[in-house]
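Q: One-letter residues, chain by chain:
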Amino acid sequence: MTTDTGSPDLEQVAAAVEGCPLVADLSGGRFGEVAAYLPGHRIVGVRVVGGEVEVHVVAGWGTPLPDVAQAVREAVGPAAGGLPVAVFIEDIVVPDRPEGDPVGTS
Amino acid sequence: MSQQSSTSSDLQPANGSNGSLVTGQGRTSIADSVVEKIAGVAAREVSGVHEMGRGAARAFGSIKGKLPVGGTGPSVSQGVKVEVGERQAAIDIDVVVEYGVSIPDVAQAVRDNVIQRLERMTGLQVTEVNISVDDVYLGDDSEPEPPRVQ
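The listed protein sequences correspond, in order, to chains A and B. Residue 145 in the numbering used here is what sits at position 95 of the first sequence, and the numbering runs on without skipping anything. Residue 189 in the numbering used here is what sits at position 112 of the second sequence, and the numbering runs on without skipping anything.
Hints in this document: simulated from the structure, not taken from any laboratory. Even glycine gets a Cβ: it sits at the ideal position worked out from N, Cα and C. Please note that a few of the clues may not be correct.
Just some of the chain A residues that point at chain B, by a computed CB distance under 10 Å [as the list claims (entries may be wrong)]:
(1) L76
(2) D117
(3) E140
Turn these sequences into a full structure, and let the hints steer you where they fit.
A: Here's what the structure looks like:
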């Protein structure tokens, strides 16, 4: 984990993302390995790689994903310490049983 | 369905500043499984689509759905395969249609709905949607017939 230029505060990043209404949850990636490994604990779903703050999320249903990503970026804001924020939509919450649902009610 | 996304040009791939996946403040990456789920939901919404997936997947899906542990029925992405690039996606879908529908019409409706949903929700441009109709559903013959005499 690199910490240069105005090092990002990952705890704050994670808290900001979790508070974002369009995000269902932070995601540890397919294997659960995406996390910031800190002494004593880890923060799932955020890390700094190659000068980028990566945020891995599970999106809620119903909002275009670019808008979700934009909302995440805005929520993170200054907590990223000026680094670009790469948003990874790892999963999406699907509404209950779309089958048998009349068209377009989800 | 939802709000803010766009003006009248819903099918326009998101090249504009707003819906774009590649922005000045960082990139956005969408996992394949997300695209699969959205395509699966969109395809199932179309009336005339009975089920999705090839024979084996459907069999496993229904077994999985009966397991006590983690059985949430067949997953919404069953029957969907995607290839996702940075800006574009290509989709393959396996469906079972109901008997009595016009298959070309249903296929076209599935294609339109999948493209519209995906382009609006992901900002990816959908280059193709290939649909293969694997079976026709003839009705539920496991249902016992009502007795003929009371």
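Q: Please go over all the hints and tell whether each is borne out by the structure.
A: How the hints compare with the structure:
The beta carbon of L76 of chain A comes no nearer than 14 Å to any beta carbon in chain B, farther than 10 Å, and the hint placing it at the interface is violated. Using the Cβ-Cβ criterion of 10 Å, the hint placing D117 of chain A at the interface with chain B is satisfied: the shortest such distance is roughly 6 Å. Contact between E140 of chain A and chain B, as hinted, is supported at the beta carbon level, the nearest pair being about 5 Å apart and thus within 10 Å.
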